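S.K.: Chain by chain, the residues run as shown.
Protein chains: 2
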Amino acid sequence: MKLYTADGIPNPRIVDIAMYEKDLNLERVIVDFLEGENRASSFLVKNPAGQIPVLELDDGTIISEVTAIIEYFEEVCPDPFLVGTIAKERAEARMWARRVDLAVMEPMSMAFKYGIGKNYFEKRITVYPEAAESMKNKAQDGLVWLDNVLAGKQFLCGDRMTYGDIMLYCYTDYFKKTGQKVESGLVHLTHVLDSIAERPSVQKTA
Amino acid sequence: MKLYTADGIPNPRIVDIAMYEKDLNLERVIVDFLEGENRASSFLVKNPAGQIPVLELDDGTIISEVTAIIEYFEEVCPDPFLVGTIAKERAEARMWARRVDLAVMEPMSMAFKYGIGKNYFEKRITVYPEAAESMKNKAQDGLVWLDNVLAGKQFLCGDRMTYGDIMLYCYTDYFKKTGQKVESGLVHLTHVLDSIAERPSVQKTA
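Protein sequence lines correspond, in order, to chains A and B.
Each residue of the first sequence is one higher than the one before, counting from 131 in the working numbering.
Each residue of the second sequence is one higher than the one before, counting from 131 in the working numbering.
Next comes chain A alone, as it looks inside the complex (with noise of 0.2 Å):
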């Protein structure tokens, strides 16, 4: 298996915490993506939507979109678990990863790609400039929904570390960089985020 990726932006960080969790070896493909080498044909071959991470495995199947890539590090290696271990379970973690993806994770990159980050993306894709206010303050409106669904948990299912947490810290965490943070008010929240902060697997991708 091979990982197109990149450091230092969040969706490629989400998958590399995944694969060091999971202590998977392997060989990472750096992908020029501030020259736009993702949208390059020869990539748009592997990834039509353009983006990485993507994921190729060695018979040449080509696998993007986060979530995707970690429930596939999962079946190829259940343990230690980022989904679950028997079907319920692995359906709590689907719902929550679900919830942070349209809730904070969509919002908070759009409100990016089409405020601050717009000088930069209108060259790749289609950009709505009218939308970015509104797409950080829903953000923020899901930030602060999971605040108080967290409450009493250490993580989003409870005890049980999943893959939303990891999607929710590498978000929250770069994002705070364009002016999108989590509030300190959010209490519940953020004692889940710096318990997550702390994991060698997210310090090595810092």
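There's no promise every hint is true.
Unchecked claim - Capping the alpha-carbon separation at 30 Å, the derived lysine-lysine pairs in BS3-like fashion look like this:
hint	chain 1	residue 1	chain 2	residue 2
1	B	K283	A	K132
2	B	K176	A	K218
3	A	K218	B	K334
4	B	K218	A	K218
5	B	K218	A	K132
6	A	K218	B	K132
7	A	K334	B	K218
What the hints contain is simulated information worked out from the structure, not anything from laboratory work.
Remember, it's a predicted structure, so these values are computed and weren't measured experimentally.
Starting from the known structure of chain A, fit chain B onto it as the hints suggest.
M.R.: Chain B alone, transformed into the frame defined by chain A:
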């Protein structure tokens, strides 16, 4: 298992179709979403996101989010598959499902809730009317992109129908009534949607 759901709206329909495809005989408990029953405190205990459908397992475990529910169906009833029969096929299905989710479903849904559905939704969630038109255009970008990648394919995963196809069908079928249609020039996409429309599972939910 018990399914809290409703007729006539897209997310519940996605799960209903999956249920019929797999011939699962679940108790369906109809939630009066027009009256806001899904936002009442008794329902929020089940799903703090206040949305339907919700799957309640016999031991009381609650699973929400369409992708998590369908993956759970697949775990308890793998045949016929809606995800896949081997790891790399499941990965491919999950990749396409997330692409449909982020590129089409979520922006279509926001365009509706913040746009022509605003008067209904503003009593239930925070709405961002200034983002409605952008999200409508973004969903259309997603449909054009999908049309391109569907050229020469029967379904998103080639000749295998997976849950991303059902998600795509239910959203485009519902939101065409709200001013978000699939343009007739998108012939590859239309071909896929037409073949989904003919399935008995889909007709049962029409």
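S.K.: Work down the list of hints and note, for each, if the structure agrees.
M.R.: For each hint, the structure was consulted:
Between the alpha carbons of B/K283 and A/K132 the distance comes to roughly 26 Å, so the proposed pair stays at or under 30 Å and holds. Annotation: proposed proximity of B/K176 to A/K218 holds, straight-line Cα distance about 15 Å (limit 30 Å). The hinted pair formed by A/K218 and B/K334 meets the criterion: a straight-line CA distance of about 28 Å does not exceed 30 Å. Proposed proximity of B/K218 and A/K218 is supported: the alpha carbons are some 22 Å apart, at most 30 Å.
Distance hint between B/K218 and A/K132 is fulfilled; the C-alpha atoms sit about 14 Å from each other, no more than 30 Å. Note on A/K218 and B/K132: the hinted pairing holds, with a Cα-Cα distance of about 14 Å set against a maximum of 30 Å. With a C-alpha separation of about 28 Å, the suggested pairing of A/K334 with B/K218 holds against the 30 Å cut-off.
Checked against the numbered hints listed earlier, the structure breaks none of them; every hint is satisfied.
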